[in-house]
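Read top to bottom, the protein sequences are chains A and B.
Counting in this note's numbering, the first sequence runs without a single skipped number right up to 115 at its last residue.
Counting in this note's numbering, the second sequence runs without a single skipped number right up to 113 at its last residue.
There may be inaccurate statements among the hints.
Said to hold, decoys possible - Here are the computed lysine to any residue pairs in the SDA-like style, where the Cα-Cα straight-line distance is at most 20 Å:
1. A:LYS57 with B:ALA1
2. B:LYS49 with A:ASN101
3. B:LYS105 with A:HIS29
4. B:LYS49 with A:THR102
5. B:LYS61 with A:MET89
6. B:LYS49 with A:HIS29
7. A:LYS11 with B:GLY41
8. B:LYS105 with A:PHE105
9. B:LYS71 with B:SER14
10. A:LYS57 with B:GLY97
11. B:LYS71 with B:LEU46
12. B:LYS49 with A:LYS57
13. B:LYS105 with A:SER87
14. B:LYS105 with A:ARG111
15. B:LYS105 with A:MET89
16. B:LYS105 with A:ASN101
Claimed, not checked - Okay, the calculated bits of chain B under chain A, using three or more residues with CB under 8 Å as the criterion:
17. 40-47
18. 92-105
No wet-lab data here; the hints were simulated from the structure.
Computed from a prediction, not measured in an experiment: that's the story for all the values here.
Where a beta carbon is used, it is the ideal one built from N, C-alpha and C, also for glycine.
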Amino acid sequence: DTGVSQDPRHKITKRGQNVTFRCDPISEHNRLYWYRQTLGQGPEFLTYFQNEAQLEKSRLLSDRFSAERPKGSFSTLEIQRTEQGDSAMYLCASSLVGQGNTEAFFGQGTRLTVV
Amino acid sequence: AQSVSQHNHHVILSEAASLELGCNYSYGGTVNLFWYVQYPGQHLQLLLKYFSGDPLVKGIKGFEAEFIKSKFSFNLRKPSVQWSDTAEYFCAVRDSGNTPLVFGKGTRLSVIA
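With the rest of the complex left out, here is chain A (with noise of 0.2 Å):
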């Protein structure tokens, strides 16, 4: 399978915990976006990287949460001191910018269940 892929699929965590998700985008993608679904909520954008660079982030995107893409490929997303709250689908997307405009494909997403 060469689409965006996410690890974990689910994650079950203790509040208070840290947690740790990877995205492996599609190669050669260099954009990679994290979003945020809810339930009964379209996602909602977190971060998007440029490369290995951060080119924005969301409000939605608290001191708690961390992103980075250290080489251009694959991006890792990190919430420290997890609360209920952040309960959700973490949907990870890339695409291939410079050459006019482009679509973005999704992986399948981590779901964190914060008990």
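Place chain B on chain A using the hints.
Using the frame of chain A, we list chain B on its own:
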């Protein structure tokens, strides 16, 4: 800031009925428009997209959408739905320039036999 409204939260149709899902966005400048579909247990998949040109765009599985700039709308249509179209449908918009997508809340479509 850009926002997207999807008018229907849940639509229930019988097989072979026609479908139209509404989508309106707020930004008045040049935009790119998308419809994504999420089948149960699967990831978001692109149904169709509009960047420029012919405002009537055709996508996969017999879906089409019409961009009406004066109405800030990009409604999704299908003449005859099938049971396999049961899914959640998301309209998304971005400013041209490959900026992040802004999604609507989604419309759940249930097709019954």
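Structure-based check of each hint:
1. Taking the CA atoms of A:LYS57 and B:ALA1, the gap is about 14 Å. The hint holds against a cut of 20 Å.
2. Proximity of B:LYS49 to A:ASN101 is assessed by CA-CA distance (about 10 Å); at most 20 Å being required, the pair is judged to hold.
3. The hinted pair formed by B:LYS105 and A:HIS29 fails the criterion: a straight-line CA distance of about 27 Å is larger than 20 Å.
4. For the suggested pair B:LYS49 and A:THR102, the alpha carbons sit about 10 Å apart, so the restraint of at most 20 Å is met.
5. Note on B:LYS61 and A:MET89: the hinted pairing is violated, with a Cα-Cα distance of about 27 Å set against a maximum of 20 Å.
6. For the hint pairing B:LYS49 with A:HIS29, the CA-to-CA distance comes to about 19 Å; that is within 20 Å, so the pair holds.
7. At roughly 16 Å between alpha-carbon atoms, A:LYS11 and B:GLY41 fall within 20 Å of each other, so this suggested pair holds.
8. For the hint linking B:LYS105 to A:PHE105, the alpha-carbon distance of about 19 Å falls within 20 Å, and the restraint holds.
9. A C-alpha spacing of about 29 Å is found between B:LYS71 and B:SER14, which places the hinted pair above 20 Å, so the restraint is violated.
10. This hinted pair checks out: A:LYS57 and B:GLY97 have alpha carbons roughly 17 Å apart, not beyond 20 Å.
11. Among the hinted pairs, B:LYS71 with B:LEU46 is inconsistent with the structure: their alpha-carbon atoms are about 23 Å apart, more than 20 Å.
12. Simply put, B:LYS49 and A:LYS57 have alpha-carbon atoms about 25 Å apart, too far for the 20 Å limit, and the pair is violated.
13. Annotation: proposed proximity of B:LYS105 to A:SER87 holds, straight-line Cα distance about 18 Å (limit 20 Å).
14. Restraint check for B:LYS105 and A:ARG111: the C-alpha separation of about 18 Å stays at or below 20 Å, so the hint holds.
15. A threshold of 20 Å between alpha carbons decides the hint, and for B:LYS105 with A:MET89 the separation of about 14 Å falls inside it, so the pair holds.
16. Distance hint between B:LYS105 and A:ASN101 is unfulfilled; the C-alpha atoms sit about 24 Å from each other, more than 20 Å.
17. For the segment 40-47 of chain B, the stated coverage by chain A holds: 5 residues have a C-beta nearer than 8 Å to a C-beta of that chain, and at least 3 were required.
18. Under the rule that three or more residues need a Cβ within less than 8 Å of chain A, the assignment of the segment 92-105 of chain B holds, with 9 such residues.
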